[in-house]
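There are 2 protein chains.
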Amino acid sequence: MIIDCHGHYTTAPAPHQDFRKKQLANFADPTLPFPADAIISDDQLRESIENNQLKLQQERGADLTIFSPRASAMAHHLGDSKVSQDWSRHCNDLIARVTELYPDNFIGVCQLPQSPDVDIKESIAELERCVNELGFVGCNLNPDPSGGHWTSKPLIDKSWYPLYEKMVELDIPAMVHVSSCCNENFHATGAHYINADTTAFMQFIQGDLFSDFPDLRLIIPHGGGAVPYHWGRYRGLADMLKQPPLSTHVMKNVFFDTCVYHQSGIDLLFKVIDVENILFGSEMVGAVRGIDPETGQYFDDTKRYVDNLSISDEDKHKVFELNARRVYPRLDQALKVKGL
Amino acid sequence: MIIDCHGHYTTAPAPHQDFRKKQLANFADPTLPFPADAIISDDQLRESIENNQLKLQQERGADLTIFSPRASAMAHHLGDSKVSQDWSRHCNDLIARVTELYPDNFIGVCQLPQSPDVDIKESIAELERCVNELGFVGCNLNPDPSGGHWTSKPLIDKSWYPLYEKMVELDIPAMVHVSSCCNENFHATGAHYINADTTAFMQFIQGDLFSDFPDLRLIIPHGGGAVPYHWGRYRGLADMLKQPPLSTHVMKNVFFDTCVYHQSGIDLLFKVIDVENILFGSEMVGAVRGIDPETGQYFDDTKRYVDNLSISDEDKHKVFELNARRVYPRLDQALKVKGL
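So the sequence lines, in the order shown, correspond to chains E and S.
Residue 1 is where the first sequence starts when you use our numbering, and the numbers rise one by one after that.
Residue 1 is where the second sequence starts when you use our numbering, and the numbers rise one by one after that.
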């Protein structure tokens with residue numbers, strides 16, 4: 001079985017974005033009407049999925065995608081806490097409907113209703129709803145709800161602990177994933193995403209988060225940002241900061257996906273990072289949608305790169321399935337119920 | 001000849017930092033005295049260099065370091081424009097003295113007296129002084145003088161153009177290099193540096209800077225941040241943004257150094273980036289000073305990694321010498337005057 005740990009619903013039907021547009025218009029000018037819930041038929045959902053994520057999943061040979069709302073549309077910096085709560089609920093409900101329509105192909109991960117300067121505790125009710133009522137198996141955690149101004153505390157700060165406590169209680173991991181960016185210095189998918197990945201990893205080196213939460217599990221997407229390429233720097237910085245080796249200090253709890261869009265990058269990832277810490281992911285339909293003229297294949301068809309690796313079948317099995325089942329125990333349970 | 005394009009004076013004698021401390025104290029409380037210039041003897045300079053940069057240069061087999069003030073101490077976010085002018089002048093003068101004491105081993109690159117929200121034009125006089133009077137061959141350009149808040153315009157914005165015009169006129173390159181960070185999210189050398197490298201590269205993809213300045217040359221340090229590892233993503237994003245291929249759109253003008261502290265990272269760099277675009281650099285004495293327990297060698301002894309590459313002697317010659325002479329024509333001239 002091949003599990004893609006990183007898929008977003010980037011193709012949601014238009015009424016969903018219309019709702020968002022009107023919601024933000026109402027926030028900017030409360031004399032405008034608050035929009036009614038978007039009316040989206042099952043057929044519209046099917047069309048948006050079958051022509052995109054499901055089609056690509058099947059063409060490329062994956063079986064199941066861990067599926068979350070469009071990351072760039074979370075936009076926690078827009079509106080206020082109430083806006084974020086409403087929007088998150090709508091986004092997560094849409095994911096739930098997709099997982100109900102295609103229970104064998106998609107399983108849900110939720111966005112959190114974060115907002116700048118709003119206590120992370122305010123996100124816990126929605127997390128519990130998604131896990132306990134909608135059958136979701138994880139969440140996306142935005143380390144920078146300000147959208148590129150980085151006004152929050154680092155992820156090792158105690159202000160984040162209530163969320164981590166709840167994650168451990170629910171036995172779910174989080175993918176550390178920023179959203180769109182309102183700082184013109186950072187292109188969203190070309191700089192902000194990758195920078196956030198790198199930043200989060202370095203915060204984990206600086207702190208001692210996993211002594212406090214030995215069972216906490218965090219996925220850093222996009223192949224871990226710059227980290228594998230600079231693995232020597234990070235090992236050296238841990239040493240200079242008098243922290244234990246990364247293998248025990250960070251890598252018992254942190255995992256990277258395979259969203260790296262060329263063979264040499266994937267080769268490096270597998271050369272320096274233990275196979276236990278790598279989860280297959282594609283980020284599709286996502287950041288880069290074109291065909292690589294050098295290979296004639298889609299940039300984000302990351303399964304090809306993993307297939308090409310000279311690693312054992314056992315290791316491929318870990319990357320494609322077993323690691324995801326270990327990191328997302330509720331996914332494992334759901335599969336076992338189906339006899340898988 | 002082996003030229004290290006990336007060395008900082010991280011070991012300047014204590015009176016230099018004392019001056020800075022008092023300068024900032026005077027800025028915070030103008031009733032405190034403005035400090036007199038630091039008195040530093042040639043012997044103090046010799047001691048600080050011969051026990052550190054010169055010793056390591058010789059032990060590791062390099063000949064000449066392109067030498068600039070300590071990057072983390074530029075701290076353009078502290079004080080105001082006048083403070084930054086004074087401090088830059090002191091730092092650059094110290095570099096000049098080192099290059100006079102060791103003309104065969106060090107050649108100067110200056111820091112610019114940048115300040116948040118201050119026009120880059122204010123940096124031009126110091127640049128001209130360093131190049132025309134002190135014999136410097138380049139400058140370090142901070143894309144984020146705010147120190148981690150990223151309040152400036154992207155490097156492709158026209159507000160930076162006066163500096164680029166002067167750089168082209170003087171025929172000097174800049175290394176894009178941030179300084180220390182006052183945003184607690186970003187560890188300076190573990191996140192802020194690498195993020196800035198990645199950010200700058202993506203800005204160059206988004207813009208069309210090198211059509212306006214076909215002769216402008218910029219070095220992105222630390223092996224280009226996350227860029228080589230995510231080379232497929234950047235090629236794909238250029239395509240999605242309907243920009244020309246990176247080879248013509250960016251890589252005629254942008255160069256990466258070899259400050260990547262493990263063999264696998266250097267291997268990747270040389271696999272995906274054209275050898276014409278790679279300059280040998282070590283960043284020493286710099287970010288990571290320890291010994292890699294996996295190799296028994298210093299992390300930042302980057303010459304070893306390059307020596308280990310299976311590339312032709314001709315290509316090594318480019319990386320160790322010829323590319324630097326091409327990117328820094330004033331260095332080339334200075335060497336030719338010496339018959340080198």
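Just so you know, the hints here were simulated from the structure itself, not pulled from any lab data.
Please note that a few of the clues may not be correct.
Here are some of the chain S residues that sit facing chain E, going by a computed Cβ distance under 8 Å [unchecked claim]:
(1) Pro30
(2) Cys182
(3) Phe186
(4) Asn195
(5) Pro228
(6) His230
(7) Gly232
(8) Arg235
(9) His262
(10) Leu268
(11) Glu276
(12) Val288
Bear in mind the structure is a predicted one, so any value in this text is a computation, not a measurement.
Glycine included, every Cβ here is placed at the ideal spot set by N, Cα and C.
Comparing the hints with the structure gives:
1. Pro30: With a closest approach of 31 Å, the proline 30 (chain S) hint is violated.
2. Cys182: violated, 11 Å
3. Phe186: holds, 6 Å
4. Asn195: holds, 4 Å
5. Pro228: holds, 6 Å
6. His230: holds, 6 Å
7. Gly232: holds, 3 Å
8. Arg235: At about 7 Å, which falls below the 8 Å cut-off, the nearest Cβ of chain E leaves the hint on arginine 235 (chain S) intact, so it holds.
9. His262: Because about 3 Å separates histidine 262 (chain S) from the closest Cβ in chain E, which is inside the 8 Å limit, the hint holds.
10. Leu268: Hint on leucine 268 (chain S): holds, closest Cβ of chain E at ~5 Å, below 8 Å.
11. Glu276: violated, 18 Å
12. Val288: holds, 3 Å
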